[in-house]
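As given, the protein sequences belong to chains A and B, one line each in that order.
Residue numbering for the first sequence follows the working numbering, beginning at 1 and increasing consecutively.
Residue numbering for the second sequence follows the working numbering, beginning at 1001 and increasing consecutively.
It is worth saying that the hints were derived from the structure and are not from the lab.
Glycine included, every Cβ here is placed at the ideal spot set by N, Cα and C.
There may be inaccurate statements among the hints.
Said to hold, decoys possible - So the derived label-pair ranges between C-beta atoms look like this:
no., chain 1, residue 1, chain 2, residue 2, range
1, B, A1280, A, A243, 40 to 50 Å
2, A, I68, B, N1149, 53 to 63 Å
3, B, R1051, A, G279, 35 to 45 Å
4, A, D174, B, R1289, 53 to 63 Å
5, A, A155, B, D1148, 16 to 26 Å
6, A, P256, B, A1183, 31 to 41 Å
7, A, A270, B, N1149, 45 to 55 Å
8, A, A155, B, G1160, 35 to 45 Å
9, A, D97, B, A1159, 26 to 36 Å
10, B, L1177, A, L273, 29 to 39 Å
11, A, D174, B, G1145, 50 to 60 Å
12, B, S1291, A, A152, 45 to 55 Å
13, A, A270, B, R1289, 51 to 61 Å
As the list claims (entries may be wrong) - Calculated Cβ distances over 12 Å to all of chain A for the following chain B residues:
no., residue
14, Q1052
15, A1060
16, E1106
17, R1185
18, G1186
19, V1221
20, A1254
As the list claims (entries may be wrong) - So the derived list for chain B, only partly shown, Cβ under 7 Å to chain A, looks like this:
no., residue
21, F1021
22, V1048
23, F1054
24, A1218
25, G1278
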Amino acid sequence: MTALLLAQSAGLAHIFGHAYMRNAFLAGTAIAVAVGLIGFFVVLRSQVFTGDALGHVAVTGAAAALAIGVDARLGLFVGTIAIGMAMAVLGRQGQADDVVIGSVFAWILGLGALFLTLFTRSRSAGNGNAGVSVLFGSIFGISSANARVAVAVAAVVVVGVVLIARPLLFASVDSAVAAARGVPVRALGVLFLALVGACAAEATQAVGALLLLGLLAGPAGAAARLTARPYRALWISAALAVAAVWGGLTLSYLAPRVPPSFAILALTSAFYLAAFVAGRPRRTGSRAAM
Amino acid sequence: MALAADAHLSWNLAEDMRQLFAFHFMVNAYRAGTIVAVVAAVVGWFMVLRRQAFAGHTLALVGFPGAAGATWLGVSALWGFFGFCLAAALCIAGLRPADGHGYSEESAGIGVVQAFALACGFLFVSLYHGFLNGVNSLLFGSFLGVTDNQVVVLLIVGAGVLAAVAGMARPLLFASLDPDVAAARGVPVRRLSVLFLVLLGVTVAGVSQITGSLLVFALLVMPPATAQLLTPRPALALVVATAISVVVTWLALAVAYFFPPSPIGFFLTTFAFAGYVGAAAFRRASDRRRSLAAAA
Chain A
1 MTALLLAQSA GLAHIFGHAY MRNAFLAGTA IAVAVGLIGF FVVLRSQVFT GDALGHVAVT
61 GAAAALAIGV DARLGLFVGT IAIGMAMAVL GRQGQADDVV IGSVFAWILG LGALFLTLFT
121 RSRSAGNGNA GVSVLFGSIF GISSANARVA VAVAAVVVVG VVLIARPLLF ASVDSAVAAA
181 RGVPVRALGV LFLALVGACA AEATQAVGAL LLLGLLAGPA GAAARLTARP YRALWISAAL
241 AVAAVWGGLT LSYLAPRVPP SFAILALTSA FYLAAFVAGR PRRTGSRAAM
Chain B
1001 MALAADAHLS WNLAEDMRQL FAFHFMVNAY RAGTIVAVVA AVVGWFMVLR RQAFAGHTLA
1061 LVGFPGAAGA TWLGVSALWG FFGFCLAAAL CIAGLRPADG HGYSEESAGI GVVQAFALAC
1121 GFLFVSLYHG FLNGVNSLLF GSFLGVTDNQ VVVLLIVGAG VLAAVAGMAR PLLFASLDPD
1181 VAAARGVPVR RLSVLFLVLL GVTVAGVSQI TGSLLVFALL VMPPATAQLL TPRPALALVV
1241 ATAISVVVTW LALAVAYFFP PSPIGFFLTT FAFAGYVGAA AFRRASDRRR SLAAAA
């Protein structure tokens, strides 16, 4: 805390003089690129609610891992990837029904409440913050080893998205025609939700399980309103996510009372609002310009 | 059941009931829980019918920053719950495209509203130090602190919501099932949609005081979803949803009372989910029997 206060008085010049700041920027950038790219497809495929559900599954995964005493990240990745793939397999056309998603994740969240209670009761009061940091993230607490892992996972997600981008785009826009042309629509849906799950687990460490939805939906929603061209929207979405993370980290560095998760989310919301006001009002018509 | 786990519980049901209602806070919890269960089931049924589960979930979560902000400012959490939920309902109504299409962009907007609201909640919590235990009960529910005053407020709000739903039930049903035909017949579809979101906001603001912001959604979505699996008739489904919701809430309160460390939210969601899975299995079995009968 004193380090933060000193940092503020030293000004912006020394922002990278702190190891925790370098780690936060490194992990934050990697996570933002991956989430921004994934988010574009999440919005395109109308799976924002699924992304929301996976964020809540992350709470339970991390809480379960904490309760049985293993690394929280293990629970995060196993929980979100497994549930993501299960949703894709159970749903029709690799898309699950709203009501089914809602019922399942409401129960999973109830389980998470149980695990969190078990965990906070089994540990001393000093460790009670772990639950809160799962929910709302602690990007300034990322160690350099964790930051490297975050970069590696983000790289895998980005490569995965880029590799399946073309067929996934086809399958998302018109799944019937894509299936007729021999695109494996269902397998793509499952693979995609596995990637979303990995992304959700990654982003939980940065902004927390409850807030990753903003990073997933905000930049992508803004990009969708700014351009009708899919590849351009894909890159705009990633760029906006990175801008939000950099801006949020800087803001939080300058004003230590503002938690970084809030600053990042405030920026993504501002981007979305700006795009909503300024963006193209109708999708039809501008489509012809492709 | 693990009866030996707690000395309070006995085979004598009358004695158990006497214990359950020995404390005033438990009586209040049951009063509030019953009101909440009925209102959530009725409004939730329309929410499930209108496929607005995501909007409902978002409104539910908005109660958290409301309560956290109210605590930070030192006013009653009640104001925070209702103020924030109403504001978010109007926000979401504003995001909805006029022509009713463009679901995916609308849902991106709802997602942004939700995440921003939760981020605000986190900001309020960190501005108000030493509030960390409060976070858990705000998010995951607590039935211990329901005051007489809160029960009265809930009763008034619940009666108001039910009266409003009863008043607009027929046009709302029409507009939900087939918005285009309803609009052509002169039903004010858009106004109904805004009004319904506001009612949903008021409902979740009331419900989340018992269940916590994260688990309101369980009461809103699961009993109606279960009822819709069991019967296609609207009036009957409403009655079934209400009955399931009330029974689940009563059971959850009783179990949470007799097994103290576990949060009520866990039992509430588990019982409701068990009902949902049971109904899905029943539906599947009866469908198979019918198709076999048709084939024979």
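Hint-by-hint comparison with the structure:
Checked against the hint of 40 to 50 Å, the C-beta distance between B/A1280 and A/A243 comes to roughly 44 Å, which is consistent with it. The beta-carbon spacing between A/I68 and B/N1149, approximately 41 Å, falls outside the hinted interval of 53 to 63 Å. Take B/R1051 and A/G279: their Cβ atoms lie about 25 Å apart, and the range 35 to 45 Å is violated. Between A/D174 and B/R1289 the beta carbon distance is about 38 Å. The supplied range of 53 to 63 Å is therefore violated.
Checked against the given bound of 16 to 26 Å, the beta carbons of A/A155 and B/D1148, roughly 58 Å apart, lie outside it. The given range of 31 to 41 Å is broken by A/P256 and B/A1183, whose C-beta atoms sit roughly 53 Å from each other. About 38 Å separates the C-beta atoms of A/A270 and B/N1149, a value inconsistent with the hinted range of 45 to 55 Å. Between A/A155 and B/G1160 the beta carbons are some 54 Å apart, a value that contradicts the proposed interval 35 to 45 Å.
In this structure, A/D97 and B/A1159 meet the distance hint of 26 to 36 Å, their C-beta atoms being roughly 33 Å apart. Between B/L1177 and A/L273 the beta carbon distance is about 33 Å. The supplied range of 29 to 39 Å therefore holds. Checking the proposed 50 to 60 Å range against A/D174 and B/G1145 shows it holds: the Cβ atoms sit about 53 Å from each other. Distance hint check: the CB atoms of B/S1291 and A/A152 are about 51 Å apart, consistent with the given range 45 to 55 Å.
Separated by about 56 Å at the C-beta atoms, A/A270 and B/R1289 satisfy the suggested range of 51 to 61 Å. For B/Q1052, the non-interface assignment is contradicted: its Cβ lies about 8 Å from the closest Cβ of chain A, within the 12 Å cut-off. For B/A1060, the non-interface assignment is contradicted: its Cβ lies about 10 Å from the closest Cβ of chain A, within the 12 Å cut-off. The non-interface label for B/E1106 is inconsistent with chain A: the shortest C-beta to C-beta separation is roughly 9 Å, within 12 Å.
Distance check on B/R1185: its Cβ is at least 26 Å (rounded) from any Cβ of chain A, clearing the 12 Å threshold; non-interface status holds. Consistency note on B/G1186: stated as away from chain A, and its beta-carbon is indeed over 12 Å from all of that chain's, at 26 Å minimum. Annotated as non-interface, B/V1221 brings its C-beta within 12 Å of a C-beta of chain A; the closest such distance is 4 Å. In this structure B/A1254 is separated from chain A by more than 12 Å, as the shortest Cβ-Cβ distance comes to about 17 Å.
Using the Cβ-Cβ criterion of 7 Å, the hint placing B/F1021 at the interface with chain A is not satisfied: the shortest such distance is roughly 25 Å. With a cut of 7 Å, the hint placing B/V1048 at the interface with chain A holds, because the nearest CB-to-CB distance is about 6 Å. A hinted interface residue such as B/F1054 counts as satisfied when its beta carbon comes closer than 7 Å to some beta carbon of chain A; here the least separation is about 4 Å, so the hint holds. The interface hint given for B/A1218 holds, since its Cβ lies 4 Å from the closest Cβ of chain A, which is under the 7 Å cut-off.
The closest approach between the C-beta of B/G1278 and any C-beta of chain A is roughly 12 Å, which is over the 7 Å cut-off, so the hint fails.
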